[in-house]
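Line by line, the protein sequences give chains A and B.
According to numbering that gives the first Met the number 0, the first sequence is numbered sequentially starting from 0.
According to numbering that gives the first Met the number 0, the second sequence is numbered sequentially starting from 0.
If you're looking for bench data, these hints aren't it; they were derived computationally from the structure.
These numbers come from a predicted model, not from an experiment.
Beta carbons are placed, not taken as given, at the ideal position from N, Cα and C, and that holds for glycine.
Among the hints, a few may not be true.
Simulated restraints on C-beta separations [to be verified]:
hint: 1; chain 1: A; residue 1: 134; chain 2: B; residue 2: 106; range: 53 to 63 Å
hint: 2; chain 1: B; residue 1: 103; chain 2: A; residue 2: 142; range: 23 to 33 Å
hint: 3; chain 1: A; residue 1: 40; chain 2: B; residue 2: 191; range: 41 to 51 Å
hint: 4; chain 1: B; residue 1: 82; chain 2: A; residue 2: 131; range: 49 to 59 Å
hint: 5; chain 1: B; residue 1: 218; chain 2: A; residue 2: 68; range: 54 to 64 Å
hint: 6; chain 1: B; residue 1: 66; chain 2: A; residue 2: 175; range: 16 to 26 Å
Just a few of them, taken from the derived set where beta-carbon distance is under 8 Å, the chain A residues facing chain B [unchecked claim]:
hint: 7; residue: 20
hint: 8; residue: 25
hint: 9; residue: 34
hint: 10; residue: 77
hint: 11; residue: 103
hint: 12; residue: 105
hint: 13; residue: 106
hint: 14; residue: 110
hint: 15; residue: 139
hint: 16; residue: 143
hint: 17; residue: 147
So these bits of chain A aren't anywhere near chain B, every CB distance computed over 10 Å [as the list claims (entries may be wrong)]:
hint: 18; residue: 29
hint: 19; residue: 86
hint: 20; residue: 88
hint: 21; residue: 104
hint: 22; residue: 108
hint: 23; residue: 166
As a plain string of letters, each chain reads:
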Amino acid sequence: MFGFFNGYHAKLKWIFAIITFFLLFFDGALFANMAGILTRGQYHIMPMLLVIWFVYAVLFELDLDLPIYFWACLAGLIFDIFYFGVIGGFTVGLPIMVWVSKQLRYYLSDSVVSLFMIIILSITVLQIFTYIAALIAGLDVGNAADYVVHTFAPSLALNVVIAIILYLPIRQLFRKLKEI
Amino acid sequence: MKFFSTRRLVFVIIGIVVTVALLTGSVLVRNRRATPPAIQQFGNDVAGVVARVVNWPVAVTHGGYDSVAQLLDTYQENTQLRAKVDDLAQEKVRAQVLESENKALKNQLNLNETLTDYSLINATVISRAPSAWLSQLIINAGRNAGIKKDMPVVSGKGLIGRISEVDRTTSKVELLSDDSGSANRFAIQITNKKGEAMYGIVSGYSRNANRLIVGQVTSNIKLHKGDQVLTSGLGGITPKGLYVGEVDSVHNDASGLSKSVYIKPATDFGNINFVSVAIEK
């Protein structure tokens, strides 16, 4: 179909798409089932596995083999429709985040720290964008300081930890898929 | 290379316009229409099936962890619950007698339906929007089950919110704790120990204190901490008698002309696995 799934690295293309959509729903399932832990009081600690997945995809240069902007836009659209019913935040936010991490990729050095800096910056860009999008849509977002303390900072911490844990498995997976 | 070449500038401006149009457009549709556009519904229904599949292993794992955690305080809980069960059996019989008596009396008065008649549709939470605002629940029942937009949703002990979007097989629940304006606005009544009732509308939610706020109260009825708050059934789709919570405190507004009542919600908005949608008969 339109060269999305065939040609070079056909397996990579298939598996990337499947895992993307799995993680899209996994985030919500995780948030629903662990809500007692992740949303305590004012805190909203959001698992963002989908976002981590896209950042890693850019950092491991998958965009050379598959249409990553298309997948980011489609995943964002489904994310918005399924979870919020308000389209815009992720539909536009995810491709922008992919673009930002692509720009930052040139600063990637051998040190792992640079990799995590890129992850932190990418997540930050996405969070700022969705915050502005929610403001434009007229949703009640509370004040920015509260948001940073109760949502943004703890979410970032959680996701960086998840990213660190997933670094080796994802690198292994991408390497293996690229060989075929 | 200049960052904003003319070409790129045009792209950025078009991007901004499209984004703002998408956002405001979809919010308008969401607020005005009873159901989202057909294509969005179709997408939601397909996504709902996948979400159910993905949710299953996560829910099983969560359930397993929960049961182990609960096992530890089972003994103590069991002794307490046994005492409660005896009480409840009596209450239940009494309620049945009263219900049949109520029915008979209603019949004599030719009253067929009153505000307290409602039935519940049970549903499972299959997902939850990972977001600080619009932290909606996605449940596995939709238009096919008879759910309509704005119906009240209860879980555990009491009211948790209302339906914000209905698709064929799934719907979204906006929580009272969202404070997005439309999530609140429930008509409630508070009855004090003397039996005097005060009516009002839930007008907000304090995130810091986890309290629902009933604003603009001008009634002089004395309320005390612990007075029970129920939906009043006035003004449409919400039936009477859904438990909301209990009064925590009463504050005078800055103007001194009215009061705000702070209500401690009955349910913990954090951990919700099953919900029931209340449908007026």
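Checked hints:
no.	hint	result
1	A:134 - B:106: 53 to 63 Å	55 Å, holds
2	B:103 - A:142: 23 to 33 Å	56 Å, violated
3	A:40 - B:191: 41 to 51 Å	29 Å, violated
4	B:82 - A:131: 49 to 59 Å	55 Å, holds
5	B:218 - A:68: 54 to 64 Å	58 Å, holds
6	B:66 - A:175: 16 to 26 Å	37 Å, violated
7	20	7 Å, holds
8	25	5 Å, holds
9	34	5 Å, holds
10	77	6 Å, holds
11	103	15 Å, violated
12	105	14 Å, violated
13	106	17 Å, violated
14	110	28 Å, violated
15	139	5 Å, holds
16	143	12 Å, violated
17	147	11 Å, violated
18	29	6 Å, violated
19	86	4 Å, violated
20	88	8 Å, violated
21	104	17 Å, holds
22	108	23 Å, holds
23	166	22 Å, holds
Of the hints listed earlier, those the structure fails to meet are numbers 2, 3, 6, 11, 12, 13, 14, 16, 17, 18, 19 and 20, in rising order.
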